[in-house]
Amino acid sequence: MDIELQTLIKVAAYLGGGMAIGFGAIGAAVGEGHAAAQANRALSENPGISGDIVKTMLVGQAVAESAAIFALVIAILLLFLQVPAPTLLKAASLLGAGLCIGLGALGSGIGSGMPAAEACRGIARQPQLMGRMTTTMLVGSAVCQTPAILSMVVALMLMFINFGDAPIVKSVALFGAGLCMGLGAIGSGMGSGHPAGEACKGLARQPAAAGPLTANMLVGSAVSQTPAIFAMVVALMLMFLNFGDVPFNPAWAAFLGAALSTGLSAIGSGYGCGLAAGASCEGIARHPRNVGPLTTIMLVGQAVAQTPCIFGLLVSFILMFKAFPDTAALAPAMALLSAGLCMGFGGIGPGLGNGMTAEGAIRWVARQSEHASLLMRIMLVGQAVSQSTAIYAMVISLVLIFVI
Amino acid sequence: MKGAGKTPHPTNAMETIRALQKRYCSRAMLIAIGGALLLLVLGYKPLARGLVLGTLFSIINFILMGQSLQTRIGKTQSRPTLVALVSVVFRYALMAVPLIIALFYEPYHIVTAIVGLFMVQVVILLEGARNLLWNRSSTTGIGN
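First to last, the sequence lines map onto chains V and H.
Sequential numbering of the first sequence, starting at 1044, is according to our numbering.
Sequential numbering of the second sequence, starting at 167, is according to our numbering.
The shape of chain H in the complex, shown without the other chains (with noise of 0.2 Å):
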């Protein structure tokens, strides 16, 4: 097995995520940034702008997500446990407030924000799906 008996390197791992994040924030940012001129153009700035707004929480989420790992790896068990847990109640608090502001305020679409929740979900599992249907045979697929 490859590296069996080394111990695991915090670093390598966090780097490695770091890059994983990028990859994926910036084209779900992409994604949304395109549907969101497609919708300017056709006159639905409201529809745009949830987008956008959503797409924007979903990152921030995703990178929170890896950010905590970053404060978990290579610590005992009783602060990494706290942390998880705080975590997941800052980032579901998090999550709403994009949903908040689009319900209260008109310049926002609530439907085009919810599906920017789940955009960077939506990126990779196409990414999922583009290496299922066109490259099966890809040893390196997702994440590399």
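So here's chain V without its partners, still in its complex pose (with noise of 0.2 Å):
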């Protein structure tokens, strides 16, 4: 049996190797692939300061690379790990951790081209700005890597704590632990990117709103930040609750389920209030003097915008709390496993849904503050209506858990 346990590690270990950096390598060439892009068309609209555009691209895409550098380390760790004492809880821990880091990389990666991207440009139309521009990408970049760094602080738990004899079941825990927190941090890290790369378009067009362009964005990225927050959370209780002496059949469903759940409906929400954040940080650079409404509809825009990610961290916590009967069966297992998936993917649209009403109604209370009442009750009406897809989402979910 110890063979076959150090086997199943090794698996475990190169397959969560191979998914760390494959998926996490995907974002970091993506956002810098943006930014040599913008970086090209910004030199050809200003090719006599070619040395500062390449310059802010290479220091842009030095850091966007730094996600794939966490995949990586965690790669390379799972690639060649010791593990004295094989389990299947260890075996299930690694590969959880492989898919934490490359799918909570990615986000990131992608999230931090847009800021380098967007300097680059605004570098090209105000080049005296070179400065100021490239402490906001810095910072901007800096903030879309938090998922990322969320995503690592859980793979190495996942990869060095030691969850001694837990019931089999653990294993299925601590797998979607590791997949929770990788998909809820997708949406984050490319949603802050939004607010990141609009404050940089912004600050080359209106240089005087500086200060509440980077108060805007790190207020917007870090709500834009909260559903990859709910996925930690999640990703924690699972790895640390004692659950008790549940049945395997069905808590294995019931866990992957409550993984499922929460990390899928962050991947909108995240994106959504990334979305409101960036219109925000665009709307303060045409109209500074609108910042106090724009603030204001930002935040209501990305509270309403999280609502499915909330429904999905109740339906995790159903999932993981409500004690389920032993049973021999397949069908109710399936039924909790098909109510994760079911919230997970009903929250992704309406999290994007409202996020994009949340940024038009934005765009137009910075051009025409007067009417932002008017524009805020029309925004929370629309949402409503996005909204409503994520509560059948959740009636479905609730039926089977509580009816099937």
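Quick caveat, the hints were computed from the structure, so don't treat them as lab data.
What you are looking at is a predicted structure, and each value in this text was computed from that prediction instead of being measured.
Fair warning: there could be bad hints in the mix.
Covered stretches of chain H, as calculated for chain V (at least 3 residues, CB under 8 Å) [what the hints assert, rightly or not]:
1. 221-232
2. 252-265
3. 278-287
Far from chain H by the CB rule (all over 12 Å, computed), these chain V residues [to be verified]:
4. E1075
5. F1206
6. V1212
7. S1381
8. H1414
Even glycine gets a Cβ: it sits at the ideal position worked out from N, Cα and C.
Using the supplied hints, reconstruct the complex from the two chains, each of which is provided in its own coordinate frame.
See the structure below:
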């Protein structure tokens, strides 16, 4: 049995390592490519400062690449990790760790490329703002890396914490923890890139508004990262809660469903919040005097955009804490897994839709702040309608959990 | 717009890149050597060696990033694409080397080797943070 477990550990570690750098490299490559593409455009607009543009691009790309380096570190650790006491729990942890950092680095890599791209274009327009533009780009890029850092923390915990002799169902919870954190970081990482990019673009348009732009970028990015924090909360609960003597079937499906519910629904909400924050930064750059109403409507829009993720969190909590009777049948387990999938996928669209609604409303508040209350009302009505699909998904999830 | 209408000058761009690399890389190595000396004084030799090893490869990676730009600027599309792809694969493989060394050779500690791999990024972000906190009005800032 020891030999089989040792093989299983190696399989899990190799698969985890492959997925870590495979997924992780996608984000950084896309982000760096986006920065390079916009640097080319900037060079054609202002060839005389090619040195400054290429320099900004290189610095931006170096920061965007951090996400891939996080993934690379975990991948190498997974490939060469020595596990003296192989267990099924450890195998599941290693697979989860690889998936966690791979998916987590994906969004941050893409997001970090956005401020780098806009900074290159901004410098082409306003070469004298080189220093301030680069600082804003670096702050924005660093904030975009937060979801990848959270993923790396969870991955390291999965790899190096000894979960002892917990029941076998805990292995599914540990894999779910990695999956949840990885998925949950995608939207927030990509979303945070929007305010950072728009802040760089806005700085070139309205250098006098640098202060409010940076503040708005930081607040908007922080709120955009809440879904990733929700995912981290669920991941930590799956890792550290003592679920007692739960039956393997259907608890395995409940744990996996809980991970998918929050992880997937966080993608839409994270990205949607980023769209709203980006529009707010753009609005401040166009009409700096409207910073007050813009910040208010951005925060309201982001709060509503997070509702699908909160539904996802609610379904996760139910799946984790409800006691399910022991059964040999597969159908009840599938119902619980489907509940998580239903809420997870069902939350992506409304999160994005709510973010797009907020984005539109914020743009118009920037232009016509005297109509802010009317625009906010229309935004809330639009978001409520967009939200209804998340409610349908939650209703079906609850039926799958409590009725079937 | 300053310089509008002129064609990009690859040599100027590369000179600027080289100056930037020299600045960040020397600072990264200084921080690493300073940290390593402190660790040596405290008696943590493997930690010190790991930090210097990781930083060295972080610097090589950053230099290669800039060098690959030189081969891409002013060339036709197919060759730069190939160069970019080969460069990325080569750089990622290179970044794995200190981690493998630290995993298999006890004189190098894996944790500080990982920290060292991010040393150039740390220098870039520290400079950005410094400008944001103490030099907000600067129009020169990073990279000049």
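Verification of the supplied hints:
1. Counting residues of the segment 221-232 of chain H whose beta carbon lies closer than 8 Å to any beta carbon of chain V gives 3, which meets the minimum of three for the stated coverage.
2. Look at the segment 252-265 of chain H against chain V: 5 of its residues bring a Cβ nearer than 8 Å to a Cβ of that chain, three or more, so the hint holds.
3. By the rule of at least three residues with a Cβ nearer than 8 Å to a Cβ of chain V, the coverage given for the segment 278-287 of chain H holds, with 5 such residues.
4. Interface exclusion of V/E1075 from chain H breaks down, the closest Cβ pair being 8 Å apart, not more than 12 Å.
5. Every beta carbon of chain H lies more than 12 Å from that of V/F1206, the smallest distance being close to 21 Å; the non-interface claim holds.
6. No Cβ of chain H comes within 12 Å of the Cβ of V/V1212; the nearest lies about 32 Å off, and the non-interface call holds.
7. Every beta carbon of chain H lies more than 12 Å from that of V/S1381, the smallest distance being close to 38 Å; the non-interface claim holds.
8. No Cβ of chain H comes within 12 Å of the Cβ of V/H1414; the nearest lies about 34 Å off, and the non-interface call holds.
Hint check: a violation occurs at hint 4 only; the rest are consistent with the structure.
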